[in-house]
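Chemist: One letter stands for each residue in the lines below.
2 protein chains.
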Amino acid sequence: MKIAQIAPLYESIPPKFYGGTERVVSYLTEELVRQGHEVTLFASGDSITNAELISICDKSLRLSDCVDHLSYHFVQMQEVIEQAQRFDVLHFHTDYLHFPISKLLKYPCITTLHGRLDLPDLQFLYKKFSDIPLISISNHQRLPLPFVNWRNTVYHGIPKDFYSLNNNEGKYFAFLGRISPEKRVDTAIEIAKKAGIKIKIAAKIDKVDQLYFDEKIKHLFDDPLVEYIGEINEFEKRAFLANALALLFPIDWPEPFGLVMIEAMANGTPVIAFNRGAVQEVVDHGINGFIVRDVNEALKALNKLHLINRKKCREVFDIRFSSEIMAKNYVRNYEQIIEHNAPKLRYIPNPDRVWISGPPDELNGDLV
Amino acid sequence: MKIAQIAPLYESIPPKFYGGTERVVSYLTEELVRQGHEVTLFASGDSITNAELISICDKSLRLSDCVDHLSYHFVQMQEVIEQAQRFDVLHFHTDYLHFPISKLLKYPCITTLHGRLDLPDLQFLYKKFSDIPLISISNHQRLPLPFVNWRNTVYHGIPKDFYSLNNNEGKYFAFLGRISPEKRVDTAIEIAKKAGIKIKIAAKIDKVDQLYFDEKIKHLFDDPLVEYIGEINEFEKRAFLANALALLFPIDWPEPFGLVMIEAMANGTPVIAFNRGAVQEVVDHGINGFIVRDVNEALKALNKLHLINRKKCREVFDIRFSSEIMAKNYVRNYEQIIEHNAPKLRYIPNPDRVWISGPPDELNGDLV
Numbered sequence: 001m002k003i004a005q006i007a008p009l010y011e012s013i014p015p016k017f018y019g020g021t022e023r024v025v026s027y028l029t030e031e032l033v034r035q036g037h038e039v040t041l042f043a044s045g046d047s048i049t050n051a052e053l054i055s056i057c058d059k060s061l062r063l064s065d066c067v068d069h070l071s072y073h074f075v076q077m078q079e080v081i082e083q084a085q086r087f088d089v090l091h092f093h094t095d096y097l098h099f100p101i102s103k104l105l106k107y108p109c110i111t112t113l114h115g116r117l118d119l120p121d122l123q124f125l126y127k128k129f130s131d132i133p134l135i136s137i138s139n140h141q142r143l144p145l146p147f148v149n150w151r152n153t154v155y156h157g158i159p160k161d162f163y164s165l166n167n168n169e170g171k172y173f174a175f176l177g178r179i180s181p182e183k184r185v186d187t188a189i190e191i192a193k194k195a196g197i198k199i200k201i202a203a204k205i206d207k208v209d210q211l212y213f214d215e216k217i218k219h220l221f222d223d224p225l226v227e228y229i230g231e232i233n234e235f236e237k238r239a240f241l242a243n244a245l246a247l248l249f250p251i252d253w254p255e256p257f258g259l260v261m262i263e264a265m266a267n268g269t270p271v272i273a274f275n276r277g278a279v280q281e282v283v284d285h286g287i288n289g290f291i292v293r294d295v296n297e298a299l300k301a302l303n304k305l306h307l308i309n310r311k312k313c314r315e316v317f318d319i320r321f322s323s324e325i326m327a328k329n330y331v332r333n334y335e336q337i338i339e340h341n342a343p344k345l346r347y348i349p350n351p352d353r354v355w356i357s358g359p360p361d362e363l364n365g366d367l368v
Numbered sequence: 001m002k003i004a005q006i007a008p009l010y011e012s013i014p015p016k017f018y019g020g021t022e023r024v025v026s027y028l029t030e031e032l033v034r035q036g037h038e039v040t041l042f043a044s045g046d047s048i049t050n051a052e053l054i055s056i057c058d059k060s061l062r063l064s065d066c067v068d069h070l071s072y073h074f075v076q077m078q079e080v081i082e083q084a085q086r087f088d089v090l091h092f093h094t095d096y097l098h099f100p101i102s103k104l105l106k107y108p109c110i111t112t113l114h115g116r117l118d119l120p121d122l123q124f125l126y127k128k129f130s131d132i133p134l135i136s137i138s139n140h141q142r143l144p145l146p147f148v149n150w151r152n153t154v155y156h157g158i159p160k161d162f163y164s165l166n167n168n169e170g171k172y173f174a175f176l177g178r179i180s181p182e183k184r185v186d187t188a189i190e191i192a193k194k195a196g197i198k199i200k201i202a203a204k205i206d207k208v209d210q211l212y213f214d215e216k217i218k219h220l221f222d223d224p225l226v227e228y229i230g231e232i233n234e235f236e237k238r239a240f241l242a243n244a245l246a247l248l249f250p251i252d253w254p255e256p257f258g259l260v261m262i263e264a265m266a267n268g269t270p271v272i273a274f275n276r277g278a279v280q281e282v283v284d285h286g287i288n289g290f291i292v293r294d295v296n297e298a299l300k301a302l303n304k305l306h307l308i309n310r311k312k313c314r315e316v317f318d319i320r321f322s323s324e325i326m327a328k329n330y331v332r333n334y335e336q337i338i339e340h341n342a343p344k345l346r347y348i349p350n351p352d353r354v355w356i357s358g359p360p361d362e363l364n365g366d367l368v
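Chains A and B, in that order, give the protein sequences.
Residue 216 in UniProt numbering is what sits at position 216 of the first sequence, and the numbering runs on without skipping anything.
Residue 290 in UniProt numbering is what sits at position 290 of the second sequence, and the numbering runs on without skipping anything.
In isolation and in its complexed conformation, chain A is listed as follows (with noise of 0.2 Å):
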């Protein structure tokens, strides 16, 4: 199958330190092209891919110095409606700056949502645009907007060989992500204060999120049990989250996905993690970590930490959320939507054909 892939253009795919949607696209695409299909990229110009790369400008725009990150997504739309027709099907990641587009296009296009879909400007926007095919990344993350064109829910997946099993138990929490207040690393040293037991921070500070840090977490960090690492990348990530006892993931906000917690139970490492936005569907509670409601609830879960099997953890990861699994379900995705646009016979009246009674009722024309 001939498949384009849209990403975004602020990080590169993959994305050299943070960034969830540009590593999924990036796993995505080269599980594709594993599997056998010729998959074009259209990306930054600094993207590693296996896939044909379709370059739009030379470095991720986060990376670069430009102002006017809308212009070159602008210019990437032109791209894909220039190249269009070379593929069966056109994947975009990209929110929705290609729907008028695809619309238009009248072509084979799907759609994944990577973001939260709660905010109030959005439903305005999916009204218009409400019979656009969409791939949701959880059930959950549907609920803000019940009507829409919902094609089907693929979960994320990584790599099997990305992250391997440590079946010894860590002995520290791991906290990975960004610092802002809906990921709630106060919350995370909280419960690990509590518990006396150490605490690894390996997060992102955006500049939105800076106030925040300073005025609210930096001096959470003076705690001797609490390690502030910075930011870390994917080879830095495998030992973070390997040697850990348990995943914190204490969120205060309708999470789409938390690829974090696959990335965890790929190592073996279970997740403790609040019940809020897809957490139910990506863990499984007693099996591979526990799904709570508050700290009270989470230090009551760590006594049953043991309980947990780190191989059992991996299992459910093999089976659930590897990229290959991913993949196969968006060929499916694909084949369905390219089945859907396909021209249908079309009746087209034949105004020099004669009937000595008159034409059958459905039969007075070319069917072509």
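No lab work stands behind these hints, which were simulated from the structure alone.
Mixed in with the good hints there might be a few duds.
Where chains are identical, the list cannot tell them apart; a pair therefore holds if satisfied intra-copy or between any two copies.
Claimed, not checked - With a straight-line cut-off of 27 Å between C-alpha atoms, the simulated DSS-like cross-links for lysine-lysine are:
# : residue 1 : residue 2
1 : Lys127    : Lys59
2 : Lys103    : Lys127
3 : Lys2      : Lys103
Put chain B on the given structure of chain A with help from the hints.
Modeler: Chain B only, in chain A's frame:
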């Protein structure tokens, strides 16, 4: 002629307060209606017009609590696509938001660019979209993008009855616009203080300029010669400009037009402007104001201010910068773009036609 005007949604048309683009779109729309055209305005629902209003959102985005401004403009573009066939021409004032769409539509489209074009990111964008037919609001505005499809320059215009000549010389300098580094209210104050003449400042402070105001400007307002009167509306503007001795316009950026200069002229008020951007195209040196290079030249110009005839200022406005002239110039451009987009006689091969000695070279098909 059936004309669609597609306006940005940040402010209503016309805007409640500051908003150059929105004001010009309003003047153009109303004048086109007055000249007998069927005009449809795609704008925020709080716009006021004699044209048909297609309301995209109830309130202009600046006055609403929406976060994702772009999503509303995408809804607007989809609405334009769905209604496009109703119009002879689509006139966009929405920057580049419609570029891929207008290429796909293959419809008579024209775009007025209202902003500065010297940002590096725009080079990349406009190289991709170099065929889009564009109108500049001054010749100077074009300089950074010599390679695009400029169709014409159409200068902004204001309705003739909007302001009227005040033949009495005023007692103060007027400064009108935004408090921002490129508008240089500090330079205007310097000129006023050195001349010993009162200056009245009517200006908006955008959020992005608040720090600049607090640190660099606020203390200058303590001078007894300086009177800050905040942001004023269209009606308050009349007396403000009409009663001024001169408008000070000591800009420090490539101003693409400078609407306030023709507003001053319409009241008979001369303009003392720094020689940047479109100033040379708007001010006739010695006729309706003076073009100067710095504060010293501005002070020298003050000595010749009594030579300026306020009636003459208004005359130049009437001849060159009325909305009537602007609308006629646009209609001429609409006609050209419609002509340019008209379906040409196309050559379609006809395999059923039998020629005894072969078809003539240019006539072996049907012209349809």
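Chemist: Now tell me, hint by hint, if it's right for this structure.
Modeler: Status of the hints after comparison with the structure:
In this assembly of identical chains, the alpha carbons of lysine 127 and lysine 59 lie at most 27 Å apart only when taken from different copies (18 Å versus 35 Å within one copy). For the homomeric pair lysine 103 and lysine 127, the shortest alpha-carbon distances inside one copy (14 Å) and between copies (25 Å) are both at most 27 Å. Taking the shortest alpha-carbon separations for lysine 2 and lysine 103, both the intra-copy value of 20 Å and the inter-copy value of 25 Å come in at or below 27 Å.
Of the numbered hints listed earlier, not one is contradicted by the structure.
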